[in-house]
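Engineer: Below are the chains, spelled out letter by letter.
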Amino acid sequence: MNRLAVELPGLSLKNPIMPASGCFGFGREYARFYDLSVLGAIMIKATTLEPRFGNPTPRVAETPSGMLNAIGLQNPGLEKVMKEELPWLAQFDVPIIANIAGSTMEEYVEVAKHISQAPNVCALELNISCPNVKKGGIAFGTVPEIAAELTKLVKEVSEVPVYVKLSPNVTNIVEMAKAIEAAGADGLTMINTLLGMRIDVKTAKPILANQTGGLSGPAIKPIAIRMIYEVSQAVSLPIIGMGGIQSAEDVIEFFYAGASAVAIGTANFIDPFVCPNIIAELPTLLDKLGIGHISECTGRSWKKGERSVYCGA
Amino acid sequence: MNRLAVELPGLSLKNPIMPASGCFGFGREYARFYDLSVLGAIMIKATTLEPRFGNPTPRVAETPSGMLNAIGLQNPGLEKVMKEELPWLAQFDVPIIANIAGSTMEEYVEVAKHISQAPNVCALELNISCPNVKKGGIAFGTVPEIAAELTKLVKEVSEVPVYVKLSPNVTNIVEMAKAIEAAGADGLTMINTLLGMRIDVKTAKPILANQTGGLSGPAIKPIAIRMIYEVSQAVSLPIIGMGGIQSAEDVIEFFYAGASAVAIGTANFIDPFVCPNIIAELPTLLDKLGIGHISECTGRSWKKGERSVYCGA
Amino acid sequence: MKRENMVIVRHKQLAKNIYEITLSGHLVEEMNEPGQFVHVKVSSQANPLLRRPLSLCHINKKACECTIIYRKEGIGTTLLAEKRPGETVDVLGPLGNGFPLDAAAKGKRALLVGGGIGIPPLYELAKRLVEKGVAVTNVLGFQTKETVFYEQEFAAFGETYVATADGSYGAKGFVTDVINEREISFDVLYACGPKPMLKALEQAFPHKNVYLSLEERMGCGIGACFACVCRVPGSETAYKKVCSDGPVFKAGEVVL
Amino acid sequence: MKRENMVIVRHKQLAKNIYEITLSGHLVEEMNEPGQFVHVKVSSQANPLLRRPLSLCHINKKACECTIIYRKEGIGTTLLAEKRPGETVDVLGPLGNGFPLDAAAKGKRALLVGGGIGIPPLYELAKRLVEKGVAVTNVLGFQTKETVFYEQEFAAFGETYVATADGSYGAKGFVTDVINEREISFDVLYACGPKPMLKALEQAFPHKNVYLSLEERMGCGIGACFACVCRVPGSETAYKKVCSDGPVFKAGEVVL
Ligand SMILES: Cc1cc2nc3c(=O)[nH]c(=O)nc-3n(C[C@H](O)[C@H](O)[C@H](O)COP(=O)(O)OP(=O)(O)OC[C@H]3O[C@@H](n4cnc5c(N)ncnc54)[C@H](O)[C@@H]3O)c2cc1C
Ligand SMILES: Cc1cc2nc3c(=O)[nH]c(=O)nc-3n(C[C@H](O)[C@H](O)[C@H](O)COP(=O)(O)OP(=O)(O)OC[C@H]3O[C@@H](n4cnc5c(N)ncnc54)[C@H](O)[C@@H]3O)c2cc1C
Ligand SMILES: Cc1cc2nc3c(=O)[nH]c(=O)nc-3n(C[C@H](O)[C@H](O)[C@H](O)COP(=O)(O)O)c2cc1C
Ligand SMILES: Cc1cc2nc3c(=O)[nH]c(=O)nc-3n(C[C@H](O)[C@H](O)[C@H](O)COP(=O)(O)O)c2cc1C
Ligand code: FES
Ligand code: FES
Numbered sequence: 001m002n003r004l005a006v007e008l009p010g011l012s013l014k015n016p017i018m019p020a021s022g023c024f025g026f027g028r029e030y031a032r033f034y035d036l037s038v039l040g041a042i043m044i045k046a047t048t049l050e051p052r053f054g055n056p057t058p059r060v061a062e063t064p065s066g067m068l069n070a071i072g073l074q075n076p077g078l079e080k081v082m083k084e085e086l087p088w089l090a091q092f093d094v095p096i097i098a099n100i101a102g103s104t105m106e107e108y109v110e111v112a113k114h115i116s117q118a119p120n121v122c123a124l125e126l127n128i129s130c131p132n133v134k135k136g137g138i139a140f141g142t143v144p145e146i147a148a149e150l151t152k153l154v155k156e157v158s159e160v161p162v163y164v165k166l167s168p169n170v171t172n173i174v175e176m177a178k179a180i181e182a183a184g185a186d187g188l189t190m191i192n193t194l195l196g197m198r199i200d201v202k203t204a205k206p207i208l209a210n211q212t213g214g215l216s217g218p219a220i221k222p223i224a225i226r227m228i229y230e231v232s233q234a235v236s237l238p239i240i241g242m243g244g245i246q247s248a249e250d251v252i253e254f255f256y257a258g259a260s261a262v263a264i265g266t267a268n269f270i271d272p273f274v275c276p277n278i279i280a281e282l283p284t285l286l287d288k289l290g291i292g293h294i295s296e297c298t299g300r301s302w303k304k305g306e307r308s309v310y311c312g313a
Numbered sequence: 001m002n003r004l005a006v007e008l009p010g011l012s013l014k015n016p017i018m019p020a021s022g023c024f025g026f027g028r029e030y031a032r033f034y035d036l037s038v039l040g041a042i043m044i045k046a047t048t049l050e051p052r053f054g055n056p057t058p059r060v061a062e063t064p065s066g067m068l069n070a071i072g073l074q075n076p077g078l079e080k081v082m083k084e085e086l087p088w089l090a091q092f093d094v095p096i097i098a099n100i101a102g103s104t105m106e107e108y109v110e111v112a113k114h115i116s117q118a119p120n121v122c123a124l125e126l127n128i129s130c131p132n133v134k135k136g137g138i139a140f141g142t143v144p145e146i147a148a149e150l151t152k153l154v155k156e157v158s159e160v161p162v163y164v165k166l167s168p169n170v171t172n173i174v175e176m177a178k179a180i181e182a183a184g185a186d187g188l189t190m191i192n193t194l195l196g197m198r199i200d201v202k203t204a205k206p207i208l209a210n211q212t213g214g215l216s217g218p219a220i221k222p223i224a225i226r227m228i229y230e231v232s233q234a235v236s237l238p239i240i241g242m243g244g245i246q247s248a249e250d251v252i253e254f255f256y257a258g259a260s261a262v263a264i265g266t267a268n269f270i271d272p273f274v275c276p277n278i279i280a281e282l283p284t285l286l287d288k289l290g291i292g293h294i295s296e297c298t299g300r301s302w303k304k305g306e307r308s309v310y311c312g313a
Numbered sequence: 001m002k003r004e005n006m007v008i009v010r011h012k013q014l015a016k017n018i019y020e021i022t023l024s025g026h027l028v029e030e031m032n033e034p035g036q037f038v039h040v041k042v043s044s045q046a047n048p049l050l051r052r053p054l055s056l057c058h059i060n061k062k063a064c065e066c067t068i069i070y071r072k073e074g075i076g077t078t079l080l081a082e083k084r085p086g087e088t089v090d091v092l093g094p095l096g097n098g099f100p101l102d103a104a105a106k107g108k109r110a111l112l113v114g115g116g117i118g119i120p121p122l123y124e125l126a127k128r129l130v131e132k133g134v135a136v137t138n139v140l141g142f143q144t145k146e147t148v149f150y151e152q153e154f155a156a157f158g159e160t161y162v163a164t165a166d167g168s169y170g171a172k173g174f175v176t177d178v179i180n181e182r183e184i185s186f187d188v189l190y191a192c193g194p195k196p197m198l199k200a201l202e203q204a205f206p207h208k209n210v211y212l213s214l215e216e217r218m219g220c221g222i223g224a225c226f227a228c229v230c231r232v233p234g235s236e237t238a239y240k241k242v243c244s245d246g247p248v249f250k251a252g253e254v255v256l
Numbered sequence: 001m002k003r004e005n006m007v008i009v010r011h012k013q014l015a016k017n018i019y020e021i022t023l024s025g026h027l028v029e030e031m032n033e034p035g036q037f038v039h040v041k042v043s044s045q046a047n048p049l050l051r052r053p054l055s056l057c058h059i060n061k062k063a064c065e066c067t068i069i070y071r072k073e074g075i076g077t078t079l080l081a082e083k084r085p086g087e088t089v090d091v092l093g094p095l096g097n098g099f100p101l102d103a104a105a106k107g108k109r110a111l112l113v114g115g116g117i118g119i120p121p122l123y124e125l126a127k128r129l130v131e132k133g134v135a136v137t138n139v140l141g142f143q144t145k146e147t148v149f150y151e152q153e154f155a156a157f158g159e160t161y162v163a164t165a166d167g168s169y170g171a172k173g174f175v176t177d178v179i180n181e182r183e184i185s186f187d188v189l190y191a192c193g194p195k196p197m198l199k200a201l202e203q204a205f206p207h208k209n210v211y212l213s214l215e216e217r218m219g220c221g222i223g224a225c226f227a228c229v230c231r232v233p234g235s236e237t238a239y240k241k242v243c244s245d246g247p248v249f250k251a252g253e254v255v256l
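Residue numbers (UniProt numbering), protein chains in the order written: chain R, 1 to 313; chain V, 1 to 313; chain Z, 1 to 256; chain H, 1 to 256.
None of these hints come from the bench; they were simulated from the model.
There may be inaccurate statements among the hints.
Restraint ranges, calculated between C-beta atoms of paired labels, are given here [what the hints assert, rightly or not]: (1) V/Arg3 - H/Asp177: 36 to 46 Å; (2) H/Pro196 - V/Pro9: 12 to 22 Å; (3) V/Arg3 - H/Pro196: 38 to 48 Å; (4) R/Gln117 - H/Thr237: 22 to 32 Å; (5) V/Glu175 - H/Glu30: 48 to 58 Å; (6) R/Asn120 - H/Glu253: 53 to 63 Å; (7) V/Glu106 - Z/Lys108: 32 to 42 Å; (8) Z/Gln203 - R/Thr284: 32 to 42 Å; (9) V/Lys205 - R/Ala280: 33 to 43 Å.
Note that the structure is predicted; figures quoted are calculated from it, not measured.
Don't be surprised by glycine CBs; every beta carbon is placed ideally from N, CA and C.
Using the sequences and the accompanying hints, generate a full structural model.
Structural biologist: If you want it as structure tokens, here you go:
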């Protein structure tokens with residue numbers, strides 16, 4: 001029995017560890033460090049209909065235990081991703097989750113329709129943190145009705161299960177999750193980055209050329225855990241958790257909160273081997289915790305009458 | 001000329017540095033370390049109508065560059081604060097900002113009416129992050145209409161200017177701020193803590209007895225800066241900024257974002273001398289930055305055509 | 001109560017994950033009561049953010065040194081364990097109220113009961129009691145043989161029994177088992193250790209003079225943040241703070 | 001491209017806020033091109049979170065050592081400056097594409113222009129060029145006298161001019177002033193330093209063979225995160241990544 005294997009809609013994962021979208025490009029760079037087939041899955045960089053250059057630089061800034069990014073969805077566009085990146089990734093024995101983004105509902109739908117036909121794309125991940133140009137720049141992911149409508153439209157055209165990626169920049173994350181569940185999503189991924197900013201004390205100007213950016217890394221972990229804890233009790237969709245994961249212990253914490261798999265973003269920048277290392281460490285940690293299969297961990301923090309037995313020192 | 005003196009509604013501050021509510025009790029403990037008269041002001045612990053014991057322990061947990069707390073508004077109640085704490089604080093030459101909380105609008109109003117009559121209370125700070133028992137536990141601070149109504153009611157009875165403390169756990173902080181400005185508030189303080197959680201990997205249970213808690217400390221600084229940057233450009237109320245301040249540089253960053261004064265919370269726990277130390281360091285830092293008076297820093301990150309001259313190495 | 005960057009003069013491992021660190025500095029001049037603690041910042045960075053409460057194990061005023069024994073647990077104590085002599089640690093203290101020496105008069109017998117990492121503060125206490133002419137019996141409980149420390153050091157002050165939960169060393173079982181089996185008599189009991197142990201002792205000796213040192217997660221460590229409160233029996237709102245009213249309380253003073 | 005905990009063998013201050021650190025490890029075996037950089041994690045903790053890009057200044061394959069010169073700036077380099085010989089730092093590298101040695105044939109003349117903390121990578125470059133039989137002229141620009149470093153080291157390879165912005169040492173003014181006044185001639189120009197300096201050089205020598213090393217804030221340092229891109233002239237979407245396509249580019253290859 002593979003103690004790490006998990007089954008999610010569209011995804012038969014040999015382990016629940018995958019790099020998060022935008023933090024792993026299309027895999028080429030990390031393939032120089034290790035065989036990508038060891039990964040549970042890969043969430044590729046957000047793909048839009050047309051190529052995008054993204055924001056001016058500087059695009060990253062560091063904060064206490066975190067980083068801000070304002071990449072601006074730079075990507076080579078649907079056509080090139082379909083023709084070059086996905087076929088290249090097909091050499092690895094690993095399912096691909098295609099993260100898609102857009103400025104209009106039509107753009108999402110168009111990208112979803114095509115990219116879901118790629119043979120190695122096993123699921124879509126809708127990045128709904130993008131501002132909706134037609135609705136005055138309000139992010140798709142902050143209004144339940146808009147998020148639900150988008151989910152529905154994408155579900156209609158997608159050949160593979162659709163996961164929706166929740167933005168944490170909302171008053172009521174449970175309400176968002178419920179609306180998206182009702183709209184027919186197959187799963188949730190959470191959380192995307194929190195909106196933040198840093199100002200250079202020397203120049204008095206924001207460090208990011210874009211002024212604000214998305215906060216990721218360990219700093220946001222407690223917020224991710226809280227949101228997954230709340231959402232996992234309110235909906236029955238599986239959750240791929242993310243936000244500040246750096247270690248096997250962090251992975252277990254996300255499972256306890258309610259996740260069924262996890263993604264690792266920023267930590268790849270700090271240690272390119274973080275994903276394979278965590279995969280290697282998990283069985284030992286499960287032993288220490290007296291847990292047979294990792295999926296037993298899901299939701300353990302709120303499931304009544306269940307307690308893990310700690311056999312460590 | 002005192003380069004650090006700032007004038008805010010109801011508050012003539014010798015410097016813009018004050019301990020944040022809940023992180024300084026009623027001053028007694030820190031008075032053993034230094035003379036509280038050096039402080040710009042003191043924000044005392046949230047006061048409710050009746051004494052409250054608060055939540056079960058553990059009430060704090062640590063997170064990367066941050067901490068979670070779920071104190072549960074423990075306080076001795078209005079009567080004792082009026083009779084014992086405020087008179088004791090009167091020995092110091094320092095204005096007091098009374099943080100008030102409640103479970104109903106009536107409770108806020110009652111506390112505001114009385115506490116604003118204390119001779120050394122120069123302003124009120126409405127902690128609107130509390131859940132409203134009458135509205136099904138929704139926090140006052142997450143619905144603009146409710147926050148505005150509360151502000152209006154408190155303004156009617158208060159003898160001193162009223163500052164409203166914004167919760168960061170909202171989709172649209174600018175909308176909140178505008179509603180509160182329209183309701184007649186004299187100033188804003190921001191930000192309160194972000195809702196977070198930590199789970200013990202050994203026991204699979206949340207570390208806090210209350211399960212979730214408020215995230216404070218350096219981890220939340222980029223979020224505070226972003227929110228102050230947004231709000232200060234949208235309203236004309238003065239802002240007392242807070243969230244992760246640890247150093248004089250951090251203070252300047254908050255001013256650049258749009259604050260007119262700042263409060264320091266969690267950092268007091270790490271270094272009880274943090275407030276007087278920062279007050280002492282600010283003039284040197286202003287010199288280094290080529291700035292005459294600290295109030296020139298307010299909003300410099302978004303004010304056009306203004307740039308600070310850095311004369312450092 | 002001061003803050004000082006104290007210098008590490010010695011640092012060694014005593015048992016599995018158990019370390020003894022000796023610090024030098026002026027803060028030692030302020031240290032008086034056994035059972036007081038210090039609040040230690042192990043890193044100059046924001047991670048770990050908070051200080052760590054650690055009890056004073058030995059106060060050497062002459063040498064201006066104090067010793068702390070700690071268990072390597074999480075991030076804070078792991079970083080502390082990496083520090084070498086010559087480096088400094090940022091210490092706030094001494095904090096709290098320690099064990100009352102007055103409670104045991106000369107010629108009387110004190111029973112000192114420690115569980116695991118609750119044992120260290122009893123060492124300074126035993127020393128002071130013996131100096132004062134109080135007879136001391138020590139009962140020390142550990143999880144397992146590998147984590148046993150300071151047995152000899154305590155034995156120098158009086159009869160000392162060791163129990164391990166798994167029976168791998170000394171008596172098998174808990175400290176209360178040892179006290180019962182050996183029928184140890186005493187006038188005053190001082191204890192520090194895990195809450196279940198303290199509760200068992202409180203219940204076992206309801207009519208005795210018992211002092212218990214509590215642990216609670218802390219924010220400020222000085223009484224300002226209300227993180228570490230415990231309830232007072234028979235009241236809905238009354239409370240004591242472990243950091244500033246304790247950590248030592250008379251049995252019955254607070255709800256365990 | 002590997003990750004290794006390299007051991008600090010020497011660490012000293014060269015000038016005001018300027019430090020020279022020498023690291024030993026197998027990673028040195030991979031280091032080939034002058035102008036490549038390493039990505040350094042200065043703390044095992046999450047703060048500071050990211051690695052810091054630092055150029056290789058000297059590669060000593062025989063001794064399995066490499067040297068880096070850095071300026072103490074913010075939190076990362078301040079923590080680095082506190083490290084002592086015997087301690088390790090977590091290094092990822094070597095990264096990026098360095099200065100092309102091929103561009104200067106034996107017998108030709110290369111002009112090396114460095115500004116401030118852009119100077120270090122030129123040292124290994126000068127060494128290699130001289131080894132190859134290329135004549136080297138160095139122009140080094142600093143803010144002020146106190147921050148001048150490695151003047152002698154560069155002088156060992158060829159004519160070396162120093163300029164300071166405030167005139168407190170060497171010629172007063174910028175490196176371009178020196179090149180103009182001295183009418184320095186060259187076949188290839190290699191430069192590293194602040195963007196305004198690189199721009200000035202690009203404009204001054206539009207018909208020459210010029211190579212510029214760029215700086216940009218980085219996330220991953222290996223080409224995965226798109227943090228460090230710069231535009232390619234004449235295109236709306238084309239880009240190069242400083243970390244993996246650079247940091248050295250031919251003048252005109254990217255928009256400065
Ligand atoms: C008054 C008092 C005296 C103590 N004396 C000693 C002693 O002499 N030797 C010793 O080894 N330990 C002692 N402890 C426990 C010690 O404080 C914790 O083991 C230590 O804080 C763990 O820190 P960490 O970073 O290794 O663990 P982590 O689990 O990473 O710590 C995370 C957070 O939880 C807090 N925390 C974790 N465990 C405890 C605990 N048991 N009690 C209070 N806070 C905790 C930490 O302070 C920190 O804020 C004492 C605790 C108290 C309250
Ligand atoms: C390819 C390359 C080679 C470099 N080589 C050297 C060298 O040999 N010697 C040297 O002293 N410096 C060099 N730098 C600059 C060096 O990376 C920064 O000075 C350093 O990262 C500052 O870190 P800090 O923590 O001290 O400053 P902080 O301001 O605290 O850093 C905060 C964040 O900003 C980033 N950052 C700050 N300044 C720069 C900068 N100028 N370039 C890129 N990122 C920056 C940091 O990496 C970090 O992520 C190089 C930069 C690049 C891109
Ligand atoms: C540089 C960078 C780029 C990102 N790009 C994307 C993206 O294209 N699409 C997306 O849905 N999320 C993107 N994210 C968010 C991450 O996928 C992830 O949700 C977030 O960073 C939290 O996880 P972490 O703390 O492990 O990084 C990006 C994050 C970073 C740091
Ligand atoms: C232990 C603790 C108790 C707090 N109690 C209160 C409170 O009673 N009322 C309130 O408005 N804010 C309270 N806060 C929030 C702080 O005043 C402040 O807004 C927040 O901690 C962010 O600032 P910091 O990062 O500097 O701590 C509390 C924070 C902490 C850490
Ligand atoms: S730890 Fe803050 S009151 Fe005890
Ligand atoms: S730093 Fe990540 S692509 Fe260059």
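Engineer: All hints, please: hold or fail.
Structural biologist: Consistency of the hints with the structure:
1. V/Arg3 - H/Asp177: 36 to 46 Å: Distance hint for V/Arg3, H/Asp177 holds at roughly 39 Å.
2. H/Pro196 - V/Pro9: 12 to 22 Å: violated, 45 Å
3. V/Arg3 - H/Pro196: 38 to 48 Å: About 33 Å separates the Cβ atoms of V/Arg3 and H/Pro196, which means 38 to 48 Å is violated.
4. R/Gln117 - H/Thr237: 22 to 32 Å: Since the Cβ atoms of R/Gln117 and H/Thr237 sit about 24 Å apart, the hinted range of 22 to 32 Å holds.
5. V/Glu175 - H/Glu30: 48 to 58 Å: holds, 54 Å
6. R/Asn120 - H/Glu253: 53 to 63 Å: violated, 34 Å
7. V/Glu106 - Z/Lys108: 32 to 42 Å: For V/Glu106 and Z/Lys108 the Cβ distance comes to about 58 Å; the hint is violated.
8. Z/Gln203 - R/Thr284: 32 to 42 Å: Holds, since Z/Gln203 and R/Thr284 (Cβ atoms, about 40 Å apart) stay within the stated range.
9. V/Lys205 - R/Ala280: 33 to 43 Å: Distance hint for V/Lys205, R/Ala280 is violated at roughly 27 Å.
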